[in-house]
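From just these sequences and the hints, can you work out the full model?
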Amino acid sequence: FLNSDQKALLQEYWRRLDYVAHAVSKIPGVSTAYRYNPNQIANHTVGMEIFWDPRRISLTSHQVSEMLAKGKPSIVMGGGGRFAVNSLGLSAWMLKPGEEKIIAGRLVEILRQTS
1 FLNSDQKALL QEYWRRLDYV AHAVSKIPGV STAYRYNPNQ IANHTVGMEI FWDPRRISLT
61 SHQVSEMLAK GKPSIVMGGG GRFAVNSLGL SAWMLKPGEE KIIAGRLVEI LRQTS
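For the sequence shown, counting from 1, position 95 maps to 95 in my numbering; every step adds exactly one.
Heads up, a few of these hints could be off.
[To be verified] The calculated lysine to aspartate or glutamate pairs, modelled on EDC-like cross-linking and capped at a C-alpha distance of 16 Å, are: (1) K101 to D18; (2) K101 to E12; (3) K72 to E12; (4) K26 to E66; (5) K26 to E109; (6) K72 to E109.
[To be verified] Now the in silico label distances, taken between C-beta atoms and shown as ranges: (7) Q11 to R56: 31 to 37 Å; (8) Y36 to E99: 15 to 21 Å; (9) A69 to S31: 28 to 34 Å; (10) D5 to T114: 38 to 44 Å; (11) R112 to N37: 30 to 36 Å; (12) E66 to E99: 15 to 21 Å.
Hints are computed from structural coordinates only; laboratory data are not their basis. C-beta: ideal position from N, C-alpha, C; glycine also.
See the structure below:
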């Protein structure tokens, strides 16, 4: 870890989140917000909240989380966050290369169901 290129890792994390953000933001009522604080003492990695307008998409974060977990492959994402009932959180450091494509595809599929 100490010998890793942290700048390159950070750029890769941003690229993965951008992929997901670009895919889900095409759905009316869905938007994203990035979170990153490089001055944080611990856990300073990039993350993102994906949130949706409940007037357009009638699913709670709990329902979306359940659908993701029951799918193939099973995907586990954090719900709630600061945007409460209609959002999910995604941290880039947990993703392996290519997993952002799987996550984006499943989120688009689920969120389009009721939009």
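Hints versus structure:
1. K101 to D18: Distance ~11 Å between K101 and D18 Cα, so the pair holds.
2. K101 to E12: Within the cut-off at roughly 14 Å; holds.
3. K72 to E12: At roughly 25 Å apart (the allowed maximum being 16 Å), E12 and K72 break the hint.
4. K26 to E66: The given pair, whose Cα atoms are some 22 Å apart, is violated under the 16 Å limit.
5. K26 to E109: 12 Å, holds
6. K72 to E109: The hint holds at about 13 Å.
7. Q11 to R56: 31 to 37 Å: Given about 33 Å between the Cβ atoms, the range holds.
8. Y36 to E99: 15 to 21 Å: 19 Å, holds
9. A69 to S31: 28 to 34 Å: At roughly 23 Å between Cβ atoms, S31 and A69 fall outside 28 to 34 Å, so the hint is violated.
10. D5 to T114: 38 to 44 Å: Roughly 42 Å apart at Cβ, these two residues keep to the hinted range, so it holds.
11. R112 to N37: 30 to 36 Å: 32 Å, holds
12. E66 to E99: 15 to 21 Å: 19 Å, holds
Checked against the numbered hints above, the structure violates hints 3, 4, 9; every other hint is satisfied.
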